[in-house]
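Engineer: Take a look at the letters that make up each chain.
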Amino acid sequence: MIERLFNLVARRIDGPLMAALMLAIALGLTVIYSASGGQSFDRVGGQVRNVLVALGALWIAANVPPQTLMRLAVPVYVVGMALLVGVAVFGDVRNGARRWLNLGFGSVQPSEIMKIAVPLVLAWYFHRHEEGLRIRDYAVATIILALPVGLIARQPDLGTALLIFASGFFVIFLAGLSWKLIVGMGTAGLAALPFLWSVLHDYQRKRILTLLDPMTDPLGAGYHIIQSTIAIGSGGLLGKGWLNGTQAQLDFLPERSTDFIFAVFGEEFGLAGIAVLIALYVLIIARGLMIAASASTTFSRLLAGAVTLTFFTYAFVNMGMVTGILPVVGVPLPLISYGGTALLSMLIGFGILMSVATHKQLVQS
Amino acid sequence: MRVFQSRIVLSGLFILIAFGLLVARFTWLQVVQREYYHTLAEQNRISVVPVVPNRGIITDRNGEILAANFSAYTLEITPSKVSNVERAIDDLSEVIEVSPRDRRRFKKLQEESKNFESLPIRTRLTEEEVARFAVSRFRFPGFEIKARLFRSYPQGEVASHAIGYIGRINDADVKRIDSQGNTTNYKGTDHIGKLGIEGAYERELHGLTGSEQVEIDAGGRAIRSLSRNEPHSGNNLVVTLDLQLQKVAEAAFQDYRGALVAIDPTNGDVLALVSKPGFDPNLFVDGIDPVNWDALNNSPDKPLNNRALRGQYPPGSTIKPFLGLAALETKKRTPEFSISDPGFFALPGVTHRYRDHKPDGHGSVNLHKAIVVSCDTYFYGLANDMGVDAIHRFLTPFGFGARTGIDIEGELGGLQPSSDWKWQRYKQKWYAGDTVSVGIGQGYWLVTPLQLAAATATLANGGTVVHPRLLKAVQDSKTLETRELAAPTGETIPLKPEYLQLIRNAMVDVTKPGGTAARAGANAPYTIAAKTGTAQVIGMKQGEKYDEKRVKEAHRDHAVFIAYAPADNPKIAIALLVENGGHGGSTAAPIAREVFDFHLLKKKPAVKQKLGDDETASD
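Each protein sequence line maps, in turn, to chains U and Z.
Quick note: the first sequence, position 262, residue 262 per the numbering used here, numbers continuous.
Take the position in the second sequence, starting the count at 1, then add 1000; the result is the number in the numbering used here.
Chain Z on its own, in the form it takes in the complex (with noise of 0.2 Å):
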């Protein structure tokens, strides 16, 4: 009995002292530690959740649309969520209608992308559709619908290569916006601007993500909304693209291969960029399909790549109207020096013949008529007589050998040929005979249509050097001001008048009946300058004989043609080259043509049959 009692006092003292450490622990939590324990609180029930901005749209000169946002639903799959995907997708298709173009796509977004991320695979959900998942929901663990904004390219394939296309974000991309310290402001978002002006003004269009402060129960649902921090919109952009002319230009294309530049001379306004097969940008807006990307991607066409920057051929003739000028300028030649065409020419010395494309020569020439009938004798003889290294010191002002600068990537530079540059290159000095080919615009010369149009508008506007552009406007989307960019200056080459004056008459002769490009110029109310041209895609022998018929497809030239309008106070310029089309004179001017008539007088095209070998005009 004493025993046990003390006992109880032993153990109710005991009882004590356990009680106070545990309320010592308590104190300890919540007096001492309980800073710490509310912030981690708070942590598990507040997240910070992005909020995408809105991205700005696109629209050409006169306002028209070219990229544009929608809304609509979209049904995403958290693969980490799912137990097994693909039987999870195979019930999803007993609710709403999965395509096996869906299913592809999302196999190709999984292999892409990490597996917590939610990932679309069905996009524009009808209202009947998100109802009748909303209703059998809870088979679906780890999928949600979602209310987003599409891209939407209105215009489809026209301007396809300018505008460029948005597309998920993969993990180059996440390594340049690393880069770039821009991480945080694409939280939430999940597609960036590819190319073209998607791509190179992806920081305009994309604007400030904001933040939304939501209380979170623990398995991460949003149960409401503390605070919001509204993002900021992209800008919108308007380009130098005229969408009108820009449609002309392609239909006039027809099915053709390769590329055309039309630029306001007078301030480097791009105003139509034409690449010949394009694509359609909405193919990429929710991730591409495998089927479609092949079929894009191995086509022989290459109808992504963009030839009208990174396509380069030789010049052909179209560079004739530059070196005369060349000529006059250093003195090498005067208006009124001529030959007598034999139809070749020879080095002193040399057996070789380098054969005009009229074997019975145009017989006594002068640089007017050169120009005009596209002489090779003649500018054999001037090249030679002015070496490469001189007509290449003239030329580079002129933006040959090197890139534009254009505002959107991908830009190629060509190549202009000189002796350094061949030394450099293949450790060869330069032969005379590398001269003679360089006066017809072939042998090492490369350029891209968008280089020789900007040479083209820098001729037509008297020699400032004309930088082309494609961003002409930037509208804030808070303001709604609509700021006007600066045309870049260019600086001028000095030309005298007279010698650039007699190139001009030229040229707009060329247009004229007895010119290579008649056919362009035939009754046009207003004065075209141009020059034809011809690129050699294969060599031929000495002595063999180019028949167009006779050649394969793929191997035929390409016909090249620059030419501005009108000739005295000229509007436009363009350059223009379709792939395999044989002469500039019968396949590419008449595409100009029509292009001018629009521009220049609002005049639609006809519609009409292929372009015909009807006229057998040659240069």
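Pulled out of the complex, with its shape left as it was, chain U reads as follows (with noise of 0.2 Å):
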């Protein structure tokens, strides 16, 4: 009876990628702990809530077979372009950009819908077109990728419509977007930063100035890589220890548990810490790129790579952004930073990484 309930949970979900998943979920509880002031569990109960949804979510995704997946690709991607547009007219402004509509029952972040939405569509459309591919498909799936980023740009929300950029890139560059196609638009994509510097916000625009030296604005803009960098340069190898981290623990850190929870990682647990921490993400985008790499259909391999990718550079640019080698975009770090929305999207992914994995005998029979 157990065992038949325990294969019923278990039957898709991929161990070795759930045991990863697990782990540094477990991290990021004991870090969300020590961000808020190490004396209440208030974050860490409602984190463990946001885990628990999460999880579910992912059963969820891993349950849903490919095919599903792919006829559901289309309509969740005009739903979630019509929010997006809806969001331009009707969307509450929340700290001055209008990200969030208002639905009755609550209010979404349609962006967040994108982040799956265009992977899966993209995915879908490759497939579709996998015999012979031509330039005009790569064009094609351009606009379909330009839509929703130039929204969610708009927003303002330069660092999601960045991600969600890259994440329907990986799904072009992985379909096989040829050397030259590449070269050729990264070279436009050069030639047009004069014009995208011109239609960001001053906000924006001081961001990325503030990236190139700190020490121009340092109560600012630059106050939050100047104290994250302390932390982080001051924890030293092995770190000052869980909640002894003076950065942390008297407030010099901002958005601690959110955006900038890695350093408060590094300055408690030091560069051991960050390690173990990298090593977990490289098992977990390894996994991935396997189950991409022994995926049977071209839909389930781009979109599996695509999700894949797409985590790195969260976990890429969070770190990097918190570290002073990127600008600050407003991206939490995967599975550690304190927040609902972005667990709950991420676990979904990961529930189609794990649907693709276990779903593959199937298919192929």
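A couple of the hints might just be wrong.
Partial list, derived from the structure: chain U residues whose beta carbon lies under 7 Å from chain Z [as the list claims (entries may be wrong)]:
1. L8
2. G176
3. D251
If you want the ones that stay clear, here's a sample from chain Z, every Cβ over 10 Å from chain U, calculated [as the list claims (entries may be wrong)]:
4. R1176
5. N1305
6. T1330
No lab work stands behind these hints: they were computed from the structure.
Think of the CB as a built atom: it goes at the ideal place given N, C-alpha and C, for glycine as much as any other residue.
Since each chain comes alone in its own frame, lean on the hints to assemble the complex.
Structural biologist: The following block contains the structure:
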């Protein structure tokens, strides 16, 4: 009986991946406790609830066969786009940005839906045109990608826009976009930089300039980066110990349970702790790439590859941002940062990955 | 399929390289630059806050407290942390009382200081007020309750000019502290001695600021103390003043304006230093409010002016004993030499008559009588015979025309005229008529009461120059050892004892029946040597009669008086001046008598009516 229940639950779950995810999440809860002052379990409790919800979503996603996902791709994308347009027209303004849409029962951030929808729809598109891809197909894919990215960038939410662009680009890249085109697009992108610069908001420009030299604005935009760099640097090889990071515990670190949680981690656990975390990430990514490589359909392959690379991008951008080598673009540290929405979309992605991994035989047979 | 797998492999390589770069970055930060960031983190975390030392207390020579400290709560506001200070104070007044005076004072402080300094809005909060504020403190960001030591002056106005006061450090103080290289020691201190002993002995009183290493959070709040370097309290000061004597002297002054300085002629200790009217130094302690400040600053009586050190008046006839001594020592007069006084003096070949205060003259007058009855005619001739420069030479060692060097600031030097001085000042030669006026202490001559008192003390002790001082001893706050300061040794003016004796006898007779200060000496069980004087405020025209009743009060003559006692073994010498008090004998001498009685007999004066004009003794 118990064995049957276990089989029912575990059937679509990829063991190694799940183990690595759970380790990372446990690590995250430990750091969240420290980041919230080491006095109360309020935040940890909240995050545990987020984790349970997200695991439920993971399980559901893992049990949805890739064929169903493929059928869902276009509707999800269309709904996501409709919501994005809705946001642009009716959205609530919070913190000076129009990102949320009030749907009566609660507000949603449609850009989160797009994190899943974009790789899904692109994988679907390339799957449909898998015999003999032509330049025209890449052009259409680029448009499919550019529409949501443009809308999100206008909210403005540059960080999410770039991440979604990256996830879409991974699909196109994995689908076999020729190097000539990659180089061509890269050149075009570089050429478009001055134009992009001109459409950026002042605060976005300031963030980028601050990145180049945080000391120009030590009490304003540069403060976050300076304090997080101090935290990480002062952590040294072995760290100051759990709950003992002075930068974290004495409030010098801003947003230390969300976007800047990595600084708390680096301060309290040092280079040794960071090495463990990165090893865990590498493990997760390696498993993801293996699943992608052994997937049976183009759709599955592209989707699995995109999910994995997007996960990598999150981790890399967050760690790069906190240590001052990338601009500060509101990206959480995957599986570690406090917050429900990001964790939810992240674990749905891993659910999809597991679905791809466990539905192979079904498709082949 | 093959393309896809090669791209997956490519992606994997890319990811490894990217993570490799990150790890390199972390290694750089956490291994190579760890020390640097460690230091920065410690600087973030650790703040060294100053621990202000307790200010030394000030007592009189008998241990009575003149300036002390008490601990109280203050409510302070840091204006930069409050968006609308006015409104915040309005809100505050719903919780604890904020008087209009508090508001005015705060506003004045705010104008004078930088925005990030915390400034007291209310001082001396009661426990109940502290509790009431604590309950609603969440409503008042930028407000803080601090326990602080306050200065208090239990004697109020008594001796205020000698003690001085402390006030908040202003820009000028900051510059001075900085130029003395003392800035570190004043971190956290917001008051400084401004005047008098508080100002002059700031270094002794302040002490050494300690420090405390505290762990702070990003908001600057101290979380815990890491180490503490104790402050060294300021030293306690024992001053030469005798508080009881000072009180007697001030009471004797009643409502008059003026100054009195009493000095121990054996060592220069200033026993009493009166400048009336005084002020309450307590008003300055938490920052004076504009209303009180205007009242003090713009009063026609100038209560903030230290008349004892800064009031410059003609010495009038009080100079006569010194001139008599000068004439004897320089052989211009013998004790026997006498004149026949017609009631005026005239220079040869000049019609102008220099009037004696007694129109009919004093008859036959020798030096002794000239001092006892204060004969002007005798001294007109004496001065004329000596010449101004000989007078100047003889009197300079007594301290006329120069600061005495008393150990508090603000003293003025007076003016002792000479022909050189006049030439330098006015580019005019000295006339014989100028010298004649000098003979009765008028003309260009100016002295301060302190100067006059020091000269009198020098005369009293037989010619050892007296350097007045206010600081008697310093008690180290740590060891509690009291270090008596050696009295400054004065150089001796060579004076013939017989001449001194003549002058002394004459001055003693001044206080005997027939002398100008007979009232001062009446029934005294000890002998008093004295000289009265009148300092003219306005000049009289030739032949015009001075009628006190018809002259505006502010234009009335000042009463001047010098004295010492007991005459044969002087223990106290005084000079006093009552502004617009008329004749020295009637107004000033009784004040001196009360001071002497108290100092020599410990006799407290009876409560009495205002000094009357019943006696017409004149100088």
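Engineer: Hint by hint, say whether it matches the structure.
Structural biologist: We went through each hint and held it up to the structure:
Annotation: L8 (chain U) was flagged as interfacial toward chain Z, and the flag is violated, the nearest CB pair being 32 Å apart, outside 7 Å. Nearest Cβ of chain Z to the Cβ of G176 (chain U): about 4 Å, under the 7 Å cut. The hint holds. Hint status for D251 (chain U): holds, given a least beta-carbon distance of 4 Å to chain Z, under 7 Å. Residue placement check: R1176 (chain Z) keeps its beta carbon more than 10 Å from all beta carbons of chain U (closest about 33 Å).
Distance check on N1305 (chain Z): its Cβ is at least 49 Å (rounded) from any Cβ of chain U, clearing the 10 Å threshold; non-interface status holds. Every CB of chain U lies more than 10 Å from the CB of T1330 (chain Z), the least distance being 78 Å, so the non-interface label holds.
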